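Each chain, written out:
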Amino acid sequence: MDSHELALSSEQLLALYRTMVLIRRTEEQLARAHQMGLVPGPCHTYVGEEAIAAGVCANLRQDDVVFSTHRGHGHALAKGVSAREVAAELLGKATGCSQGRGGSMHLFAPEVGLMGTSGIVGPSILQGAGAGYSFKLLGSDRVSVAFFGDGAVSNGAFHEGINLAAIWDLPVVFVCEDNMYATEVPFREATRNQNVAERVRVSYGMNAVCVDGNDVLAVHEAAKVAVTQARAGNGPSLIECKTYRLRPHAEGMRDGGYRTVDEVESWRKRDPIATFRSELLVNKQADEAAIDAVEEEVTIIVADAMDFGRSSPFPDPATAADFIFSAQD
Amino acid sequence: MDSHELALSSEQLLALYRTMVLIRRTEEQLARAHQMGLVPGPCHTYVGEEAIAAGVCANLRQDDVVFSTHRGHGHALAKGVSAREVAAELLGKATGCSQGRGGSMHLFAPEVGLMGTSGIVGPSILQGAGAGYSFKLLGSDRVSVAFFGDGAVSNGAFHEGINLAAIWDLPVVFVCEDNMYATEVPFREATRNQNVAERVRVSYGMNAVCVDGNDVLAVHEAAKVAVTQARAGNGPSLIECKTYRLRPHAEGMRDGGYRTVDEVESWRKRDPIATFRSELLVNKQADEAAIDAVEEEVTIIVADAMDFGRSSPFPDPATAADFIFSAQD
Amino acid sequence: MREITYTEAAREALAEQMAIDPSIFVVGEGIGERGGNFNTTLGLYEKYGPMRLRDTPIVERGFVGMCTGAAMTGTRPVVDFMIVDFILDSIGELFNQISKIQYMSSGRIKMPLILRGCFGIGGAAATHHSGSYYPLFVHIPGFRVALPSTPYDAKGLMRTALTGDDPVLFLEHKLLLNKRGHVPEEAYSIPFGQAAVVRSGGDATVVALTVMLQKVLAISEELAREGAEIEVIDPRTVAPLDIDTILESVHKTGRLLIVDETFGPCGIGAEISALVMENGFDDLDAPIARLNGMHTPTPYSPTLEGVITPDHAAIAGAIRNLLAE
Amino acid sequence: MREITYTEAAREALAEQMAIDPSIFVVGEGIGERGGNFNTTLGLYEKYGPMRLRDTPIVERGFVGMCTGAAMTGTRPVVDFMIVDFILDSIGELFNQISKIQYMSSGRIKMPLILRGCFGIGGAAATHHSGSYYPLFVHIPGFRVALPSTPYDAKGLMRTALTGDDPVLFLEHKLLLNKRGHVPEEAYSIPFGQAAVVRSGGDATVVALTVMLQKVLAISEELAREGAEIEVIDPRTVAPLDIDTILESVHKTGRLLIVDETFGPCGIGAEISALVMENGFDDLDAPIARLNGMHTPTPYSPTLEGVITPDHAAIAGAIRNLLAE
Ligand SMILES: Cc1ncc(C[n+]2csc(CCOP(=O)(O)OP(=O)(O)O)c2C)c(N)n1
Ligand SMILES: Cc1ncc(C[n+]2csc(CCOP(=O)(O)OP(=O)(O)O)c2C)c(N)n1
Ligand SMILES: [Mg+2]
Ligand SMILES: [Mg+2]
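Protein chains in written order, with the working numbering: chain H, 1 to 329; chain G, 330 to 658; chain Y, 659 to 983; chain A, 984 to 1308.
These are computed hints drawn from the structure, not numbers from a lab. Accuracy of the hints is not assured; some may be wrong.
Stated by the list, open to error - Short derived list, chain H residues pointing at chain G, Cβ under 7 Å:
(1) D169
(2) R192
(3) Q194
(4) R199
(5) P317
Given the structure is predicted, the values throughout are model-derived calculations rather than measurements. From the three backbone atoms N, C-alpha and C, an ideal C-beta is built for every residue, glycine too.
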């Protein structure tokens, strides 16, 4: 934390903080809404992992694109989808970013480069590579980012997608969010080598680094290098982020048995938001007042988003089969 | 060649030689038959790669199993399928090992452990792992071998299959036949790291070695280690065999454009059969007479096999839809 | 008779067979210690350990292909895929390998492999967790496809799957999992290809698949009070499909409707309609009708999800139309 | 008019559009310098280089998924898969992603992606190289499925595919590739969902798909000499399916046979039969008949392969039966 990223201004630092808090507060409300039965479908929160989306997406332009996972609210918010649109979508409303068609695992907002969260593990890696192919073919300097969990690493999509991006030198940043578990299956049981970056360097000849995924500045710095490289036409890279999910796999699921209370507690102490907050204060990069102002602003935004979502209309049933094709038959 | 495998007897050495010659002569006849229009379907020969099947399968028992590829005549013959049954199958006859249902890419002879050649690249790796799972579950000491080409290395089946065998410690030997090309696409364009064994060691934590695939004794020795390890319950390994195919990808296909005459010639000089023959003579492990006797024996076997195939009946059309289910409906 | 849930019934058959047959093993994500996302293997890990209850990484193609090789070499794998949409990544293994191994090997290799798990629309699961896909497995030769609609059928069909030598797709509609029903304690099998005539009637035949069955039965009771007697048939397996039972019924009633939650085009209803056309044309007093879910990916929002599957009104309307034709 | 082959005709449309639209690129194994296993891209690499004619490793899932992301971001990928059986490994990307992206994004992301390549039985290619699979893509919502049976249609349908915004499965029967026919030099499009009435007649309607068309036409000429006039319809696309043209014809003839090389169960014939049942029942003078390939994996040996697809005698027999009903 100390040496790196001295170049970031207070505004930039607070912006990172703001993104993390925005994700946290939005999801806290969504979790509550889920408990109250207002979120009709599944809801996988990103609580504890916010530093990754915040650190990566701060390096992206609006016309860069992100391909996300089942745990994608953080990616969506960090990429610029409004909390209103995210909340409304989870509540199943017509004003949601997918007009109620998608829900948590199918958030789409191409206007700001959010090319979809996903109910299927794996495809984000392939599609991320494909967007890189488009940008390279079109001679654009846009960059593509694919997020995925440790659970996707053993999947064929990882092998095929990373390799294609490597051999064709595509402008893609692969971000592996290793939170140690895929649902309740530990990563250590899914592989004999959990060092994803090492594997990617050796097997695919791709630049790859491993960072503390709970350290937003470490993520930000690695992403800056990777995005700059991709934008300059120097090919893909992978960032392995070691992190931890602080809530159950999905809202409403039990969280016992597969991980110890001690383990969860040890990671709770490393909460990326609390850690960053105290660092900002210790390093005098922001004062309490500034931080409080951010918290307050976010609280208002999130309250408004939930109100917006709750008061929005449900989609018109007559539209259930719209948009299957580009022009209606 | 010098130091290794001193333990092999002359009989064993001649048996290896015999297997290689059997494969070569059978395929020469099949290629001719193909030219004459007697092989109705596709035919991918193994000419130049015989040392691999011979070296690996010499370490197997009849109740061990082999999962093969589209280029599988060598694996079938080395595993003990008779030349008669292979020839008849390629000629589309009822006496073929698949009763004419399969052809070159669907040779099946479970009686001797040949669990199928394949028209699809990749599945041999997964199925090979699965047989290992059976043997482990059943407490048997049988061993499973999966052959595949460099073309399969980039495929998701490689990643998923190798990883499963590694994490579950299955009694499987993976044999990668890297003949530098997948049809006409060079391996060097399919990957940034052609060192398959290195990749497998790092990414999957599996024992893996790279050998000269044109040196039957090198292959034999590596396979001996791998098979012994698997049979003893000590898990899987991979053998990467560097080799070259001396004929076109498939019979009847042009062979120009993607590789130089010089390259082909340089490998022709390293023909595994000619090389082994002169080594046997130089090292006085066999004399001309013994070698000639093998050649003659094989010539007769192959001539008989082709006669058998040609004179055998075609399958009865009424059986076209037999055996889809275990009991006919 | 004792009442247990659908999931318990299927699990009971699995537990009974695992006790008898040591070659059975289960693979899937979370089917080990955890007992399965849908409790399909609850309590079995403690008895049989990790080799027979094998938690896997997220490699649907990998473990389906792995199980193919296992089934070829003397064991009996059960792929517990959780949600059917996930195994789309293994269709190559399913359609090019599993369904063809017995054929390619001229019957010398068996393929006793079971694929089991959830399917169907409900609970705002949205389009990556709401698929059905069984018509695809009817189109491709080489599969048995079981669609139990009651706990009783779930147990009996599961046992048939676990004692046969063919690949079986065993699909459990997510809205049925917790339904309770009478299930004998002892082991029993329900043969594949035997439809159940769940209700007798002479005025019209309705073929109802899986979750549609209870809705159709309820509506039939309503119509009975109006004097119309509906014969309700549950095919229970769609491969093989017991067309004879359907033809017999149509011979009696002259009218046929097929109610199926999943897509119409090239679906089960199309196949049944075409078969009855070919073998019972002269029995028909009215055109055969199909009622299917809308031909669309599954939307998330309840107001959308609610209208894409045949509901009470739609089914009742379709039956009334059929009776009126 | 000039005569060229089926493959040349499709390639001409591709070449024309690649010249106009720089966002089109092709991926596949051997479609670069080599020009494609079936010459689908011959001569294009020299013009457009490796970014637009991209040779790939053997990663069907990988490049289909890769092309999905490309199509979402402003380019127009053509997946040249060589043989349709190979893309079974990418069904997850096809059925869960490609067919659903427009829907999930409420129409804000387009999916102009073309899958093209060979299918069908012939040449002892055996069961891993003889599949068809198009009924699956009709069952799943979200695809256009083109089945050109002539060089003329190949060119016109390819252009429609390359200028539309939906995912298209464009299938070329392997036995048609070298067939020659009249093809205009200028660019033209054939709209999807417009069947061709290839031959007029009042006595029976035969719907013939792809490679079956020429056989049916030849038999129709024979029957004409016996005084029976067959109306022959080629749907050209099966999604969308032009059922109106078929219904009109059946209204006139009262008799319908569907001849399709691929599997019957839950196939195209079943769907057409069910649709005509629902919309043209009263027009029928005889039950609708289907003639399909045998429901089996494809055997290798010519004596087996020869009997599993409808041949001249079988088709002629089926038409005669239909006329006699
Ligand atoms: C292909 C596929 N198989 C199974 C699932 C069910 N599933 C949803 S999330 C999940 C675990 C994912 O783990 P990981 O990738 O590590 O992400 P995390 O949930 O830890 O963020 C699983 C198995 C799925 N969505 N897709
Ligand atoms: C999944 C799949 N895609 C494509 C093909 C077509 N094909 C047959 S052999 C081959 C090349 C295989 O290369 P490799 O694995 O290196 O084996 P080799 O032919 O060199 O022995 C290809 C692409 C196939 N059989 N299966
Ligand atoms: Mg995880
Ligand atoms: Mg090769």
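Status of each hint after checking the structure:
no., hint, result
1, D169, "violated (10 Å)"
2, R192, "holds (3 Å)"
3, Q194, "violated (10 Å)"
4, R199, "holds (4 Å)"
5, P317, "violated (40 Å)"
Hint compliance for this structure: hints 1, 3 and 5 are not met, and every other hint is.
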